[in-house]
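> The listed protein sequences correspond, in order, to chains X and Z. Letter by letter, the first sequence follows residues 1 to 326 of our numbering. Letter by letter, the second sequence follows residues 327 to 701 of our numbering.
Calculated directly from the structure, the hints in this document are not laboratory data. It cannot be assumed that every hint is accurate.
Stated by the list, open to error - Partial chain Z-side listing against chain X, Cβ under 7 angstroms, derived:
#1 L416
#2 L417
#3 Q467
#4 G501
#5 Y513
#6 L561
#7 T566
#8 S569
#9 P570
#10 S609
#11 V614
#12 A657
#13 V659
Stated by the list, open to error - Some chain Z residues flagged as far from chain X (calculated, every beta-carbon gap over 12 angstroms):
#14 A380
#15 N381
#16 F452
#17 T460
#18 N491
#19 Y511
#20 T524
#21 T528
#22 Q612
#23 G686
Beta carbons: idealized from backbone N, C-alpha and C, even for Gly.
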Amino acid sequence: MSITTTGNLGPMILQSLAPAMLYVPTPSMNYITVCDKVSLPSNGGTTCRFMRPRALTPPTIQLGNSGIDPPAQIPQRDIIDAQMAFFGTGCIINEQVVLQDQEGVLAWVSERLAVAMRQAEDLILRDYIVSAASQINAGGGSNGFNPTNLGISDFSLVAATLDTNNAYKFMSGIEGMDRFGTGPVRSAYFMLSSTELQGDFDALVGSGFLSQWNYPTNASALPSEYGSVYNIRILTSSEAPVARNAATNSSGTLNDVYYNTVLGKQAITHIDQDGYSMRLIYRDPNYSGMLAQNATLAVKFAQAQALTQDTAIRNLLSTRLSNLGV
Amino acid sequence: MTEYSRAAKGRFTSTGGAQIVNLPFQPDFVRIMNYTTSNAAATSQNVVAAQWDANMGQGFAIQQGYNATPAIIWDTVIANGISTFAAGQLLQYGPTLAISGITKANPAVVTTTTNHGLTSGDVVVFQGLYQSTTTGMQQIQGVPFTVTVTGLTTFTIPWNTNQSNYTALSGSPSGATVKKVLYPYLYFPGTTVISAITTGSTTTIDTTDAHNFRVGQEVAFRIPSDWATTQLNSLPNPPTPGSPIYGYVIAVTDYNTVVVNIDSTAYTAFNSNVTFAGSAGRSLPQIVAVGDVNTGGQLISAGSALYPPPVFEPIGTTEVNTINGPAIRGAFVNNTSQGFIVGIGAGTNLTTSVLVGAAGNVIFWEAFLHDMSIP
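Looking at chain X on its own, in the form it has when it is part of the complex (with noise of 0.2 angstroms):
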């Protein structure tokens, strides 16, 4: 008797396209999430520009009883100025690839693209923190670097010298709930970290810590967010920017430092130009060569940035206590 295997009778087709797309690993994208959003007008030149008025002093020293008026105050405002810049990256795509792949080759190129453009417009803000935001070297841990792994004092810190500025904050608190293991959140800023550091923050728990598993209710927590302290709640990225090795203590050892930016509402915006902010380009071939060989797929964008309240950001500059994982 014989047997007929794939050995004599293979498929024809040995292969079979899964029905899903695996993920691509995408880090969440924070700075673009606090920032304030503002929007250019078309024909509105190459630069946003924010006004700010200062305030008045408050008339403290009563009229008395000359019938002579005060002299007056002067209004003053402050301009803040951004100006716009263009960016844009794509794809030409030869018209056999569209013909002959099973996979919908546009689709998800397509999609690749928004996302590199709107990780981008991250990234962008995010260096722009680390230039332009001033900074706290941390101080309150005790690793021995400088700046010093986070101390709880260093959050209480920073949280003081925004309160002290008068910045607003994001989030009003949680009121705590009677659930085992779960406590009240202060109204709190927004504290843009390191997956890195997450660690440390953890090592921080009974101090004054409180992991986003442990609110009362996570109805109005974000995705990112890792926990909070104090008047702090913390959102944590894997592209958070840290300067490797840039720390050395005095036993020789290095270790990074980590841009912790911590702000409050306004304190950085970003602009676009007439909803210049998602266009994706679509050229089919007939727009190529004599042979209308190649689609193109494009994105492109407008962006601009700036703070606009500088009392309401600090980068709070830390290294980090607890091993890095691999």
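Fit chain Z to the supplied structure of chain X, relying on the hints for placement.
Chain Z only, in chain X's frame:
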């Protein structure tokens, strides 16, 4: 030429230092011609032309120059030749160099154990400045400094270390290193560390690297108490609670000196003689860009104050254009860029030649990015 290739040409006048050429792409082939040396009498070690292909590797080049005869020969440059760059993200650094010593002086003189390869105007940061566990110069760890090169292994930094709390570094202390900040001015104006303050009816601020401020720039100060002149800080403001105190730049003396309109006559003198012991966790004194007083009334046209586009001042009064179009001065500017660099490398045979030419040489260049490269 195929449909999507890129080609560009131009010229520059050599400063004798590495020359950056901004382009809207990173080329895979670059050719340069030194018009000055080609048009002059044959002179040993003069380079007349060079080219680079991406497949040669970064920093390489093939050059033509005069030998001792003098006759033109082919030669290779294996370091500091031609390379491409993509200045798109911050916190990128060059190689780490060990330090053999830093003097107590104003300005401080830094000596590296090997050739540093820096050019005046480069920005560096230090770390591990321990002469012992309790002495050294840790006070300036992490501070970005613009360097002035004084030799192959020496440069100065704009900081006064000739003060009691600083101990000279000597004998190549273990862990004492310096590295170049590759792209220090991708966004400006920004935050800059203060090295000195001269108080008076106006206030003069010296910074450790280029401040990139213009006249009319509105600035704020963040001066921790260790540095003494805390009266300059934006807040608190007792007469007008909550309203930050800002100053305006009324003169730009140099790349690292500005004059601000704040009367600081009665303020505490700035103290850069901070202690070594408190270095861990001490924040640095900073001057921060806030906004500007520009009213937008200036015309943007060739020859006007707004054209050519914004500049940064890497050192001295030399101004370098960015790739951005005209902008209102004082605007926060994105200065990211890409292109290629012609380095100062010498040839393998023409051992004292300089690829980028001597100061004043006129260099013509062509750059290409090809659709097709085989392989």
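> Flag every earlier hint the structure violates by its number, smallest first.
Hints 16, 17, 19 and 22 are the ones this structure does not satisfy, whereas the remaining hints hold.
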